[in-house]
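Protein chains in written order, with this note's numbering: chain P, 5 to 416; chain W, 9 to 369.
Incorrect hints may have been included.
One-sided and incomplete, this derived list gives chain W residues near chain P with beta-carbon spacing under 10 Å [what the hints assert, rightly or not]:
1. 48
2. 242
3. 334
Think of the hints as simulated: they come from the structure by calculation, not from any bench.
Predicted model, so just to flag it, every value in this text is computed and none were measured.
Where a beta carbon is used, it is the ideal one built from N, C-alpha and C, also for glycine.
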Amino acid sequence: MSEVQEYEYSDVTGKVGELTDLQGEKMTLNMGPSHPATHGVLRLILELDGEEITGCDPDIGFLHRGDEKIAENMTYNQFVPYTDRLDYLAPLANNVAYVLAVEKLLGLSDALPQRGQYIRVICCELARISAHLLGIGAFAMDVGAMTVFLHTFTEREKIYNLCESLTGARFTTSYTRIGGVIRDLPEGWVDSLARFLDEVSHAIDEVDKLLTKNKIFVDRSRGVGVISKQMAIDYALTGPNLRGSGVEYDLRKNNPYLIYRDVEFEIPVGSIGDCYDRYLVRMEEMRQSVRILRQCLNQIPGGPVSIQDRKITLPDKSKVLTSMEELIHQFMNVTQGVDAPTGEVYFGHENPKGELGFYIYSKGGGVPYRLKIRSPSFVNLSILPVLMKGHMISDVVAVLGSLDFVMGECDR
Amino acid sequence: MTLAELLISTLKIVGLISVVLPLIAYSVVAERRISAAIQDRVGPNRVGPFGLLQPLADGVKFLLKEDFTPSYVNKVYFWMAPALAMIPSFVVFAVIPFGSMLFGEKMVVADLNVGILFTFAIVSLSVYGIVLAGYASNSKYPFLGGIRSSAQMISYEIAMGMSVIPLFMLTSDPVFFSQGLSESWNQFLMGTSDLNLSRIIAYQSGSFFDWLIFKQPLAFIIFLAAAFAETNRLPFDLPESETELVAGYHTEYSSMKFALFFLGEYAAMIAASSLMVVLFLGGWSLPLWGLDQPADNVFLGLLHIIIFFSKVSLFMVFFIWIRWTLPRFRYDQLMNLGWKRFLPLSLANIIVTAIWLWFKS
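So here's chain P without its partners, still in its complex pose:
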């Protein structure tokens, strides 16, 4: 066995190395998982040529908790608290999205009393304002404007106060249940919400003054991270990121659920699809949310907030302790869960970050056989490798800020 081995002569002497030296070496920069601009635990492996990015490899999964698997081991209602921890900037919206999916499985989509539907819409829009306030604040902070972040946080604090009086928790709300919500609006809550709406409108205008016409801010975001219409569709972007690229697609309009048919609002869309457009879309969406909330407050009817079918919702606690029937319902509901038919169902909900979808595969009984979460942040981040190329390091933070993702939802 004698084989002539050919050596690349230049290689042996290391001349190839010299040549690459002439072209310059590329630097690999590890951004994250613990970095001030990555909003959580996103890790970007950047390939740099000077300050310019020639490659970007997002590495996710640092916050993976196995939510989907956890869902297979508990009844439908028990999973509600886990949805708080998906997009932890808008837990109320996640709660609503999840129970709507389960209700679709149960065939209860239209059975919810009007008041319950209105309350859910109020929750969603409140969550949207809260999430966008943070998204814009963090975006501004990423490009260097610290103050905006704190101003928006002051407003979010008020939303937390509202959440607290509504649900008992500021952050992990777990407010909805299958067939309704856990409790009716507390006394005086509508008034404090109305007051908040006035204040937040003022705050949005303030942010507008600080950023929208700020030369440096516009320079940093105009023409940066441009996502074309086709690209946005190809990468299945949803939410403000998709609308920023000029695609008028909003599940609240395109596939109306709850009482979104009965309220007037507009879908803002961008034109170019750069960071600035995404910022503008978020600003306008907050204003539209305020508009929706005002209408809801005017239109909200009285009546029950939950379906009165005791096979689905829990009976009144006082009755449970006195009447046999209610005791049985309570027992069955808590131990076995709501009995779902077999089948598959997908429900997409317009969350602040985009389409939060729950796909449920049920083999009957109170526990899902498989629950898949389509998280908008995960899908939105898939565009990063193509989007980052050719930008500078400073643009990375602007793009990340404008995509407005949450790792809790991305990693699930």
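Given chain P's structure and the hints, the job is docking chain W onto it.
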């Protein structure tokens, strides 16, 4: 140099440092309190009355923190960098006239006839501290910060240097200095030449509109922006831009070494403010109640020093205010601004001023 002169110089240095150091410490407090006010927060108010002892607490904290040196750094440079970053900012004060006369002495440590050149020479040195810090840390984020800062400082130094040329073109007016000044001024300026910083103050005495900020507004704007860039303050704080480079060149530093960078930054801000006060706002003079003449008694002498540091404080507040209001430039935008806007503008300013002077004569 006699012993008496040496003693007087030492006293001046000690006196100046004992004013500047507390000023640095309290500008940190001011920064925190003003930023808090801007952001609708409270800010530090627990240490001492109104949080006024906060600098002490901060200093003690910095001293007590573990002084950690990573194993992979170049130790000599790593230790040298913080000192190099801080010292130049202090040395600049040597030529800045922070008062007129006190006990028959000119209130400037070194009354150099090449004052402005000296400041530029020294200010350029501070870039070495930052570049060395970035290089010695042997880590990627500091490295990027170091590169950014060297490019930024060199670029803006040019614009800065160019922007002050028109000032000295105006102030090297022999007619003004032979006829336009009072006797006390003439005595005060005895033996100085055109680039001495006292002369520029003399030129600005008289009325508010003699201040060079009104005569050379363009130069002022360029100098101001360049000063922001030189001191690494937002909107030009790219070398340490928190959200991109974590902390830039001082990412690997801790304890007192970090504090030195921190102090260096504030000292540089005060130095830049002082320079701007001298160049554009009439230095220690105030064209009211005869305060634009060199002092002939102790009271006026002290008043001039107070006026000077009040003006400096105004600039410091401005520095802080801007930092908490504006976003940050991108690296290439910063370079564009420096090379494509400020440099041509300052060159044009020189030419326009020259033409104007030519017509006037």
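Status of the hint placing residue 242 of chain W at chain P (closest C-beta pair under 10 Å):
Hint on residue 242 of chain W: holds, closest Cβ of chain P at ~6 Å, below 10 Å.
Interface hint for residue 48 of chain W, Cβ within 10 Å of any Cβ on chain P:
6 Å, holds
Minimum beta-carbon distance criterion (10 Å), residue 334 of chain W to chain P
6 Å, holds
Hint compliance for this structure: every hint is met.
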